[in-house]
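Peer 1: Sequence:
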Amino acid sequence: MKVISGEGHVAEVCQRVIHGPIVGELLGLDPDGVPLVDYPGNTHGMLHARTLISMPSSQVFEGMEVLLQFEQSLSGRPIITGIVSDHLVNNEIKILTLNSDLMESALVDGKKVRVDAREEIELVCGRSSILLRNDGKIVIKGMEITSRAAASNKIRGGSVSIN
2 MKVISGEGHV AEVCQRVIHG PIVGELLGLD PDGVPLVDYP GNTHGMLHAR
52 TLISMPSSQV FEGMEVLLQF EQSLSGRPII TGIVSDHLVN NEIKILTLNS
102 DLMESALVDG KKVRVDAREE IELVCGRSSI LLRNDGKIVI KGMEITSRAA
152 ASNKIRGGSV SIN
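Residues in the sequence shown are numbered from 2 upward in steps of one, following my numbering.
Do not take every clue at face value.
[As the list claims (entries may be wrong)] Simulated pairs of lysine to aspartate or glutamate, EDC-like, Cα-Cα distance not exceeding 20 Å:
hint, residue 1, residue 2
1, Lys138, Glu120
2, Lys142, Glu120
3, Lys138, Asp117
4, Lys142, Glu121
5, Lys138, Glu121
6, Lys138, Glu123
7, Lys142, Glu123
It is worth saying that the hints were derived from the structure and are not from the lab.
All chains, full assembly: derive it from the sequences and hints.
Peer 2: Here's what the structure looks like:
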């Protein structure tokens, strides 16, 4: 018999003792942002987990491997103590896809935002794009492109071609 306590955790009567860390899987976040996890041998089903770490929701993805310890060694009380990865440094090839249902915009709190890439950075929206390449080339594409300046609007270059 499984009994869920008021805190969303399995009651202690049906829990087994777990000693040491276990690599589990992050299944997602509940509506309040509380992590949901599973681990090998778990008989409780999806569990709410407490966490020692925090990270932006944009970096959280379903299927992440997490290192779990257990509060009072009880199998229904997982605590995320870290992220398990094969790389010490984030994989530079990994593409992060943000679910548009969850995020309408990104707010970066600071005086300056900088995005660095070794090869290129591309911003795409519908039929418009801006491409910045490491060789210094910038390509702007769109159905209509408008450039406005309150003061001067300068075009400089080794050669300038219009039409």
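Peer 1: Compare the structure with the hints numbered earlier in the document and write down the numbers of the violated ones, lowest to highest.
Peer 2: Every hint satisfied by this model.
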